[in-house]
Each structure stands twice: as structure tokens, then as C-alpha cells.
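Quick note on numbering: the sequence shown equals residues 1 to 89 in the UniProt record's numbering.
These are computed hints drawn from the structure, not numbers from a lab.
Incorrect hints may appear among the rest.
Stated by the list, open to error - Calculated cross-link-like contacts (lysine to aspartate or glutamate; reagent style EDC-like; alpha-carbon spacing at most 20 Å): (1) 84 with 3; (2) 84 with 55; (3) 84 with 61; (4) 57 with 77; (5) 57 with 75; (6) 57 with 3; (7) 57 with 22; (8) 84 with 49.
Note that the structure is predicted; figures quoted are calculated from it, not measured.
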Amino acid sequence: MSENYLNHPTFGLLSRVCAVDEYRSLFTTLYAQRLFFLITNSPTGVQFEPVSRADAKLLVENRLRALRRVGPLNEHDILQNVYKRTFAQ
Numbered sequence: 001m002s003e004n005y006l007n008h009p010t011f012g013l014l015s016r017v018c019a020v021d022e023y024r025s026l027f028t029t030l031y032a033q034r035l036f037f038l039i040t041n042s043p044t045g046v047q048f049e050p051v052s053r054a055d056a057k058l059l060v061e062n063r064l065r066a067l068r069r070v071g072p073l074n075e076h077d078i079l080q081n082v083y084k085r086t087f088a089q
């Protein structure tokens, strides 16, 4: 899992937490990690959808479950560490 960044017009640099599916990824503000955005990449452009911390946590938990079932083990371990760092506060 590589680090991905995206520049938000208002909130500045966002860091990718994880891919949600083929077209959507969860991003957070780079420094505070308090604001979360569901980014949809489609042929019509990129859409920023703000999501609550609870919804972001749920999206990551769902992704962890999916990786545990069918994904590569190392990707699950990396995302587990990101989850602990991001939501352990």
C-alpha cells in the first residue's frame, strides 16, 4: 500500500487512509487527521464528500473485514496499523 495524497481546495493536503472500492477512497487531513472525506474518482471528475469520524471508522473496519477474507495479509496488517494510529484517540 503506497502513500497517496490529494490537494483539497479548502483543507489543503489530504492523505489516503484506504481504498473503499474500485472508485472510492477514504482520505483525511494530513496533519490533524480529524476531517475525513470520501473521494470518488469518476469519468466526470473527482468528488469530495465529507464524512464523520464514526462513518470513516466504519468504512475502514469494513475494508479490514474484506481484506481479512480475500485480501493479501500484508495489506491487512498495514491497514490495521493505520486504523490503530488514526482511531485510537
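Has the given pair, residue 57 with residue 22, been kept, meaning a C-alpha gap of at most 20 Å? Holds. Residue 57 to residue 22 sits at ~19 Å (cutoff 20 Å).
For the pair supplied as a hint, residue 57 and residue 77, is the alpha-carbon distance within the 20 Å limit? Given pair residue 57, residue 77 holds - Cα atoms ~16 Å apart, limit 20 Å.
20 Å Cα cutoff - pair residue 57, residue 3: Cα-Cα ~19 Å, so holds.
For the pair supplied as a hint, residue 57 and residue 75, confirm whether the alpha-carbon distance does not exceed 20 Å. The hint holds at about 17 Å.
Next pair to validate is residue 84 with residue 55; report whether the Cα-Cα distance is within 20 Å. The hint holds at about 16 Å.
Is residue 84 within 20 Å of residue 61, Cα to Cα? holds (11 Å)
Given pair status - residue 3, residue 84, alpha carbons within 20 Å: Holds, at roughly 17 Å.
Are the Cα positions of residue 84 and residue 49 separated by 20 Å at most? violated (23 Å)
In terms of the numbered hints stated before, the structure departs from hint 8 and from no other.
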